[in-house]
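So the protein sequences, as listed, match chains A and B. Residue numbering for the first sequence follows my numbering, beginning at 42 and increasing consecutively. Residue numbering for the second sequence follows my numbering, beginning at 35 and increasing consecutively.
One or more hints might be untrue.
[Said to hold, decoys possible] Derived coverage of chain B by chain A (criterion: at least 3 residues anywhere in the stretch with Cβ under 8 Å from a Cβ of chain A; other residues may be distant):
#	region
1	49-57
2	113-123
3	137-144
Rather than coming from a laboratory, the hints here were simulated on the basis of the structure. Note that the Cβ used here is the ideal one computed from N, Cα and C, for glycine as well.
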Amino acid sequence: MAKQNRVSHLHQSTGKLLRQAMVLGALLTAWQLTASSGRFPELLFPPLTKVFSFLLAEKAEIWQKTGFSLSLIGAGLSTAIIGAFITACLVMIFPPLHETVMLLMAVMHPLPGIALLPIFLLWFGIGEKSIVATIIFSAFWPLLANIVTGFKTVPAAQLEVGRNLGLRGGALVCLVMLPSATPHILTGLRVGWARAWQSSVAAELMYGAAGGLGGLGWYLYKKRYMMETAGVLAAMLVIIAIGILMEQLVFNLIELRTIRKWRTASD
Amino acid sequence: MMQPKLEIKAVVKTFPRAEQAIIALDDVNLTVNDKEFLTVIGPSGCGKSTLLRCIAGLEQSDTGLITLNGREVKRPGPERMMVFQGFEQLFPWLNVLGNITYPLRIARRKMTARERLKTAEYYLNLVGLPDAAGLYPYQLSGGMKQRVAIARALSLNPEVLLMDEPFGSLDAITRNALQKEIARIWQETGVTIVFVTHNLEEAIALADRIVVFSQGKIRAIVSNHLPRPRSFDNPDFGLLWDRLHYLLDAGAGTKEIRIVTGGSTAAGLVF
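Could you build all of it, start to finish, from the sequences and the hints given here?
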């Protein structure tokens with residue numbers, strides 16, 4: 042039974058993948074045809090072939106920039122995740138904290154992380170620290186909101202079984218609420234990851250290299266400055282590709298192994 | 035004379051509400067004997083579930099004392115395992131086997147992995163689900179979920195098993211089957227059971243003694259000596275049903291009723 046499910050899931054996901062590939066293919070073809078029609082100057086609308094050859098030519102630099110961006114995101118996102126988990130646990134263990142944290146969330150959540158970069162630059166100076174701080178801020182609030190929602194929507198009977206077993210406080214949160222909240226936690230991770238990416242790119246676009254040789258945002262900035270439109274598009278393709286890889290290889294796999302296996306998420 | 039397992043002495047529990055406090059338990063006194071199957075019946079909102087939750091430690095009584103084997107209990111603990119009515123009491127992220135071994139890992143730290151597995155298999159067998167170990171809760175019917183919940187509770191080897199309308203959400207046929215099962219399981223394990231229900235037939239089919247509860251008070255405690263397995267065909271079943279029905283009606287209508295005890299009928303029912 043379980044095996045059949047897995048097989049049909051595989052069929053579904055390959056079918057979905059195929060459809061997605063077709064849509065993307067159509068989009069790229071449209072781009073290529075428009076570019077090669079000659080209606081727009083090549084400087085503003087470079088053909089895909091040129092974008093790809095650019096990608097190949099600057100392979101080393103793009104790799105390095107991507108690695109740098111990812112390392113900043115890794116540092117920021119992991120800090121945000123740990124912080125959000127600890128805060129969410131504290132909120133559940135000490136109910137009086139709940140109101141305060143909800144208020145903070147209402148105030149901070151709508152504020153784009155990038156809007157805080159100027160103050161972070163003043164506090165931490167130009168460089169990696171400010172960008173990482175921006176990433177942490179951008180990812181922390183949506184993560185916290187989702188984890189708290191997940192904790193609060195654990196069915197009462199499951200909590201009472203946990204209490205019945207003698208669990209209280211942090212142990213109840215970790216052993217019952219945490220696994221039960223997996224669907225919400227996954228949503229939080231997705232949003233947190235997206236926010237982290239956006240912030241890292243936006244921050245470098247606005248304020249220059251985060252440090253060292255800079256990341257993808259800085260690369261985008263430089264290519265726009267030099268009017269190397271193909272380079273701008275190449276960097277964008279890389280950003281898209283990483284997003285897709287992350288979704289397919291990380292989030293989708295976690296989902297298949299958890300909430301889809303348990304059927305705790307509505308498909 | 036049977037050993038008292040669980041003693042409830044002068045327990046009062048109120049729930050504060052804006053308009054008026056609700057008195058859920060109004061000076062409740064009750065003794066549950068070792069290896070006894072006790073049912074508590076009463077209309078919805080009469081406080082019978084609150085009584086069970088106080089025993090479990092999930093609610094704190096305002097005043098009074100609850101003792102298990104002579105020792106006061108306040109906090110929840112696995113020696114008083116509860117089985118709930120709803121179908122959401124299993125952990126959805128664990129399969130059936132995990133739903134039994136996980137609580138063992140939490141509450142029975144000294145058990146080895148091997149012992150946990152053996153215990154889980156034994157109780158899955160006992161509740162009639164020897165082949166369900168690998169299934170996840172979403173793959174189970176309501177009746178199967180309740181069976182797993184019972185197996186989970188029993189696997190912790192509780193002093194007393196607390197059941198809060200465990201079959202209340204099941205269809206009549208499944209409900210009937212599970213009533214037979216719990217009677218058999220009770221006889222096989224000898225566990226003390228306090229079973230809350232609002233179903234008269236269920237109370238009569240299962241209990242040694244039936245506590246009639248209404249408006250936060252025990253109205254009567256009726257001994258049930260019908261031979262097991264119990265059948266509706268037995269005319270005494272009907273007599274007992276009438277008696278309990280009368281007591282429930284009377285309990286719902288008036289505030290003050292005498293506790294009915296003593297006396298016996300030709301059928302061997304002791305009131």
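Problem set entry | Indices of hints not satisfied (ascending) | 1
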